[in-house]
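Visitor: My request is simple: use the sequences and hints to build the entire structure.
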Amino acid sequence: MATTKKIALSEEELVNALKRQDTIAIKALYDMYSGALLGVISRIIQQTEVAEDLLQETFIKIWNSAGSYDSSKGRLFTWMMNVARNLSIDKLRSKDFKNSIKNQDIENNVDFIDEQKKVSFNADTLGLKEMVTLLKPEFKDVLDMVYFKGYTHVEAAEELNLPLGTVKTRVRMAILELRKKFN
Amino acid sequence: MEEVKSYIESGILELYVLGQLTAQECIEVEAMVAKYPEVKAELSAIEIALEAYAQENAIVPSAYLEEQILNKFSENTAPLITNAEPKIIPLYEGNNEGTVRKLRYALIACSILLAISLGALFSAHKELNVANDQIANLSSDQQKFTTTVSKLEFEKAGMENRIAMTESEEWTTVKLAGVPTSPNAKMFVYWNKANKNILINYAAMELPKTDEAHEYQLWALVDGKPVSLGVFGQTDKEAVKQMETIQKAQAFAVTIEPMGGSVNPTMEKMVVMGGVSI
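Chains as they are written, first to last, in this note's numbering: chain A, 207 to 389; chain B, 455 to 732.
Among the clues, some could well be false.
Label-pair ranges, simulated between beta-carbon atoms [said to hold, decoys possible]: (1) Lys225/A - Ala560/B: 53 to 61 Å; (2) Lys489/B - Lys225/A: 22 to 30 Å; (3) Glu521/B - Ser278/A: 33 to 41 Å.
Residues from chain B that keep clear of chain A, each with C-beta distances beyond 12 Å, as calculated [what the hints assert, rightly or not]: (4) Arg558; (5) Phe608; (6) Glu609; (7) Glu624; (8) Ala648; (9) Asp665; (10) Ser682.
Some but not every residue of chain A turned toward chain B, in silico, with C-beta under 7 Å [claimed, not checked]: (11) Phe283; (12) Thr358; (13) Lys374.
Derived from the structure by calculation, the hints contain no laboratory data.
Small disclaimer: the values here were computed from a predicted structure and weren't measured.
Backbone N, C-alpha and C define an ideal beta-carbon position, used for all residues, glycine too.
Guide: Structure follows, in structure tokens:
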């Protein structure tokens, strides 16, 4: 545990280590993906402490459910990201989380309301917003909702008052833009 | 192939990657992915784009979180991770052996010292016993000498007094001789001519021994009547003892009487007697 050296494994090595329950997998997962997963979680749950607790739960769930991951169905990160997103959305909708939001002191409420009204900029999400802003606004809105805010595409269609087909197309166009940038 | 193209363009793969599909829809997508390599390639491209996108927007967790997670983790899954036993590296590598060797020498040295000390202690104990015996002997000898010396001093004081009495004109020495029941007894009584004091001297008497319930009583015979001059024991603190004074007497006698003396002498217990005239 004391080592500060980062571990990086190929996806195949990582999956094999995870399946045989070798702890090196968890260290490697942490080094390679903790930031990306916390990024996903934090856009659904803003409270740092809660988000970090969820990251911890995410790792435990990944470890415990490793047997159910099937690499023929998709990449490891996609699976892990969905584990993180589902845990975060469950948390967001849970009664105790809603109560804890109500019980926030006034300072936190101000932050929370600011967050909702988009009048302040979180340093962590600044880069993300810039990137998404490069997309056309109609793509940005849709991707924003389904990718960051835990909306289903059906809910997004209702919220934006758009046909479901249009939402699907816009998600696809947004991701195609991202592919141009990254691939 | 037209079917594949329109399937790709429907946007269902993106929704699949975003976790937006029902379980039934997922199974259909997975079947398509398995069937058509183009679909699989498209799916991978979408996944890689979103993964890179997530990496680009990573948020570094708090520094303590890694240890917290990894620790919690090894607690939860301890039985499963025995093959990942951490290697234990001594904090001061190499020094331990030297320290152990030094401690071993120290232990041997301590044991030897302990054995020597015990031997010395035992021998000292024996010598101490011998010394104690000697002290007891010396102390008993010293007591004997003290007794002898005080006895000698007592006798010397008596003898000096007796010489002084004999040489003095002031004192009359009355000799009391043994009676038929105690022929070997004898005693001197000293009578002052001026003030009529009576003294007896333990250095100047040989009387039969008495028991603890009896002592001697000195009598003066005055005109045929016995007058008590006091009692005395076998010995006393002073060699010379003053008795009652008497103005005139024709004779002196000593009887053995019960402790404290008697009013009238017990004549059959008379031991010495002597006449006198001044």
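Visitor: Among all the numbered hints in the text so far, which are the ones the structure does not match?
Guide: No hint contradicted; all consistent.
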